[in-house]
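Given the structure of chain X, go ahead and fit chain S onto it with the hints provided.
One-letter residues, chain by chain:
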Amino acid sequence: MSSKTGINRTTLYRRRKLLDSSFRLITATSALTVLLILLLILTAILHKSLPALTLSIVLKTPGRGYYLGQEGGILNAIVGSLQVALGATMLALLLALPAVVFLHSYLRSKSYLAEAIRFVMDLLWGIPSIVYGAFGFMLMMALGLRASLLAGIITVALVELPILSRAMDETMKLVPQELKEATLGLGANRFQTTTRVVLRQAFPGLVTAVLIALGRGIGDAAAVLFTAGYTDRITTSLLQPVATLPLAIFFQLNSPFPEVQQRAYAAAAILTLLVLLISFISRRLSRRLSQHKVH
Amino acid sequence: MAKLEIKKGRSSGETIPKILTGGLAFFPMILAAAIFLVLILKVFPLLSLKSLPALIFSAAWQPSRGQFGLWPYILGTIWVTVTAFGLAGPLAILTSIYLAEYAPPGLRRLFQPVLDLLAGLPSVIYGMWGVLVIVPVVGRYLGPIFGIQSSGYCILSAGVVLAVMILPTIISVSVEVLNSVPLALREAAFSLGATRFEVITQVVLKKAFPGIVAASSLGLARAFGETIAVLMVVGNVPVIPHSLFSPAYTLPALLANNYGEMMSIPGYEAVLNLAALLLLLIVLSFSFLARWYLVRISRRSR
Numbered sequence: 001m002s003s004k005t006g007i008n009r010t011t012l013y014r015r016r017k018l019l020d021s022s023f024r025l026i027t028a029t030s031a032l033t034v035l036l037i038l039l040l041i042l043t044a045i046l047h048k049s050l051p052a053l054t055l056s057i058v059l060k061t062p063g064r065g066y067y068l069g070q071e072g073g074i075l076n077a078i079v080g081s082l083q084v085a086l087g088a089t090m091l092a093l094l095l096a097l098p099a100v101v102f103l104h105s106y107l108r109s110k111s112y113l114a115e116a117i118r119f120v121m122d123l124l125w126g127i128p129s130i131v132y133g134a135f136g137f138m139l140m141m142a143l144g145l146r147a148s149l150l151a152g153i154i155t156v157a158l159v160e161l162p163i164l165s166r167a168m169d170e171t172m173k174l175v176p177q178e179l180k181e182a183t184l185g186l187g188a189n190r191f192q193t194t195t196r197v198v199l200r201q202a203f204p205g206l207v208t209a210v211l212i213a214l215g216r217g218i219g220d221a222a223a224v225l226f227t228a229g230y231t232d233r234i235t236t237s238l239l240q241p242v243a244t245l246p247l248a249i250f251f252q253l254n255s256p257f258p259e260v261q262q263r264a265y266a267a268a269a270i271l272t273l274l275v276l277l278i279s280f281i282s283r284r285l286s287r288r289l290s291q292h293k294v295h
Numbered sequence: 296m297a298k299l300e301i302k303k304g305r306s307s308g309e310t311i312p313k314i315l316t317g318g319l320a321f322f323p324m325i326l327a328a329a330i331f332l333v334l335i336l337k338v339f340p341l342l343s344l345k346s347l348p349a350l351i352f353s354a355a356w357q358p359s360r361g362q363f364g365l366w367p368y369i370l371g372t373i374w375v376t377v378t379a380f381g382l383a384g385p386l387a388i389l390t391s392i393y394l395a396e397y398a399p400p401g402l403r404r405l406f407q408p409v410l411d412l413l414a415g416l417p418s419v420i421y422g423m424w425g426v427l428v429i430v431p432v433v434g435r436y437l438g439p440i441f442g443i444q445s446s447g448y449c450i451l452s453a454g455v456v457l458a459v460m461i462l463p464t465i466i467s468v469s470v471e472v473l474n475s476v477p478l479a480l481r482e483a484a485f486s487l488g489a490t491r492f493e494v495i496t497q498v499v500l501k502k503a504f505p506g507i508v509a510a511s512s513l514g515l516a517r518a519f520g521e522t523i524a525v526l527m528v529v530g531n532v533p534v535i536p537h538s539l540f541s542p543a544y545t546l547p548a549l550l551a552n553n554y555g556e557m558m559s560i561p562g563y564e565a566v567l568n569l570a571a572l573l574l575l576l577i578v579l580s581f582s583f584l585a586r587w588y589l590v591r592i593s594r595r596s597r
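In order, the protein sequence lines correspond to chains X and S. Per the working numbering, the very first residue in the first sequence carries number 1; after that it's consecutive. Per the working numbering, the very first residue in the second sequence carries number 296; after that it's consecutive.
The following block holds chain X by itself, in its conformation from the complex (with noise of 0.2 Å):
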């Protein structure tokens, strides 16, 4: 009877055993196919897109018959995506810094007001760029504009404007409670505490975020459908259509001219690896900014 309840006991073991390794094994898997994926993407487009990158295409503007598959290049496209991110990330970074200094320096953590802000900053983060370019879209008509770079550039901005503020609202939080009052037992003010202290001390994590809203600027196809326009020619003022690189390759993609196609590669070739730099940066700054922590 014991030996029998005792054989009963080592076979349940077993299969306890059993089924907690193949559980590892299962979420082991996962995670592999999860890294797999990744690298397939990434050599997929990369495969596809790099050789498309030619000189001639970098460096020209496109020139006659370019949608036919002569002359010319996606300059245009990249000054274009430029002006755009980064316009936008300074407006963006005008409009979020002042609010998250303002969290920081006359509000508690814990309070109501600044936890409503937060979470409507998170809301905001969820609402899809396609609504902010039809948002975008009205305020440039009640603003008398057309689609221009200024109207990209604040449609962008918006987009861009929950991702900056809650970044860098939560780098801030690291921040030591010690250090804020120390710097205000020596009698400064919040407002000096936070200027000088905590954005100082928080300042390669500041970086990060600039570059995680830029990132998300450069890539946003949606936002610029219908704010930004389209142009041939590299632009000079705001008020002009500006080219971008996600609609040139959204645009060129499906063109029956192979010549069009390879344009739509290139750019895709160089909006992944302007991405990749930008997180490559943001990455090796935000281990900076690790190291500097103090608890």
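It cannot be assumed that every hint is accurate.
[To be verified] If you want the footprint, here are the derived chain X segments under chain S, 3+ residues with CB under 8 Å:
no., stretch
1, 12-22
2, 76-89
3, 158-167
4, 268-282
FYI, nobody ran anything at the bench for these hints, they're computed from the structure. All of these numbers come straight from a predicted model, not from anything done at the bench. Ideal Cβ placement from N, Cα and C applies to all residues, glycine included.
Then chain S, alone, in the frame of chain X:
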């Protein structure tokens, strides 16, 4: 006297920055309200012509004849989103369990940049990947296996592309949720002789379940609103979908293809804004519930 002066000086130094920065702190709320108000105001004129259910549940889409049924678009969006989640959800949740419970710290550190990279790739790049890789695979190989003629531009392709796009969101948030389960709970279960599998399924997941639902709904919200990548592979035919291999049309794609060119037909502008409003409401309700719960978790673990 001197003390009083200092105090006065300090407080007057605070008023101006407080007002200036405070104004912008409320900008997010103003922006959210403005987006809602503008869309509602633009939809209003249409509601005097047609009832809301007639617009939402009608399948007839012929703008030139004044027929604006959004039902095919709504169904298309739901099909694509559900397909994406069906593919990404289990994979993401199992991966997050591995990362939070089993993986050595080194591997965990390796994973984070990978996830950030996946999350940071622009959607048009995913769209291109879909056109170059997924669409041909689905059209040439997967379709014939099931005996179905398909161009490859279909719900399944859009679902696969979207699944990859929402993986990082669900994984990152789920890992955070799993990490927020107190270590003491796990230790208590281990001390009773439970295997790791039993600890995970009977203690950790039980505790983390609502948080994982929240993580999933953030992924769903992202999938629902994704525009360009889906537009590039879903086929853009406004029909009621009947299988994974049939083409469809989604609400964001409807907006992307037609917004800004709708001035000539009466009611068209309003119905597109209704589509945007529906999209906004659905996405926001998903992310509202998710964020609400996640804020509560982070408060508890603080």
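### Which numbered hints fail
2
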